[in-house]
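Asks: Knowing the structure of chain A, use the given hints to seat chain B on it.
Residue numbers (the working numbering), protein chains in the order written: chain A, 861 to 1048; chain B, 861 to 1048.
To be clear, the hints were calculated from the coordinates, so they are not data collected in a lab.
Any given hint might turn out to be false.
A pair holds if it fits inside one copy or across any two, identical chains being indistinguishable in the list.
What the hints assert, rightly or not - DSSO-like mimics (lysine-lysine), calculated; alpha carbons at most 30 Å apart, straight line: (1) K937 with K868; (2) K1046 with K1029; (3) K948 with K1005; (4) K948 with K863.
Given next are the chains, with one letter for each unit.
There are 2 protein chains.
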Amino acid sequence: MHKSLGAKPVLFPLPVLMIGTYDLEGKPNLMNAAWGGICSSQPPCVSISIRPERHTYTAIMERKAFTIGIPSADYIKQADYVGIVSGKNTDKFAATGLTSVKSELVDAPYVLEFPVSLECKLLHTLELGVHTMMVGEIMDVKVAKSVLDEDGLPDIFRINPMVYETIRKAYHSVGPVLGKAFTMGKEF
Amino acid sequence: MHKSLGAKPVLFPLPVLMIGTYDLEGKPNLMNAAWGGICSSQPPCVSISIRPERHTYTAIMERKAFTIGIPSADYIKQADYVGIVSGKNTDKFAATGLTSVKSELVDAPYVLEFPVSLECKLLHTLELGVHTMMVGEIMDVKVAKSVLDEDGLPDIFRINPMVYETIRKAYHSVGPVLGKAFTMGKEF
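Okay, chain A solo, but in the shape it has when bound:
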């Protein structure tokens, strides 16, 4: 038996995305976003959704660029702080001690301490209501060498990314491997 929750933005799992931008004054800023995901393989694209009143919205519309950082759980407090205050009146890098690195590919900064960063050029915007969706083409994915495995590939346990749970507004870790894709289903 099912219960109707009503028309609500609910999905499991949700990501914890740190959107990096330079604002109009050139100050690096970060936003904490759970509304987003990969939306194309070729060209590789990612979408994020941002309210127009956000400081990050203006920065992306002006600079046509953003980064998406995946913070490890070691930075849970910094990531949460980023979602509490506005870059309009706060220097979030100074407050948290995170280090801004200027991307050589797009007009946006990424975070030195985060294990994974996507550098994105704005391709499309789509107004949906209170949020505007922004689609970015992924120009490169930067991965900290410390999270690469013996094959030189990023290892999810070394990255230690967080999952956002929107009902209880909690951050979770990623759990163990349950099975291999394109393999488990072959028995049917």
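Replies: Just chain B now, with coordinates in the frame of chain A:
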């Protein structure tokens, strides 16, 4: 130090989404998608990205509707099977034993056995390259009563959703709570 992975569709975590549709003949079908996420709070919207050659693409374009089911890890084999074969020549419900339920709100089926289902009306499409993004308005979220907690809210551990890891192509569980959002960051 960072390493460039190149321009690739990489994000952590990714969801495991079961896209439910009726095809042109009225046969219920499912597709396994990792490219998608919530994209608006009001109206509540979710986006998924689908290649035009997929059976599900034609079904959504025709019916202007789809559902998104969140399978629990108990259904990992069924979910994986859904991603291996095409609905063009397979009845995935018959093959897996999953039960199709006709939505009363949109022209698409959801899966009785899955703990969470979003019923969506197609609002927008956006061609991005090999994938077309489809934005659906969430008309209702159906949750199995068996996964509700004492407050009547969906509990992520009872839902037991999966996380998709695109590098090793593996399914993971969701791990323990690390902290509360809008709380952990207050120390800065």
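Asks: If a hint holds in the structure, say so; if it doesn't, say that too.
Replies: Structure-based check of each hint:
{"no.": "1", "hint": "K937 with K868", "result": "both (27 Å within a copy, 28 Å between copies)"}
{"no.": "2", "hint": "K1046 with K1029", "result": "between (36 Å within a copy, 15 Å between copies)"}
{"no.": "3", "hint": "K948 with K1005", "result": "neither (33 Å within a copy, 43 Å between copies)"}
{"no.": "4", "hint": "K948 with K863", "result": "neither (41 Å within a copy, 32 Å between copies)"}
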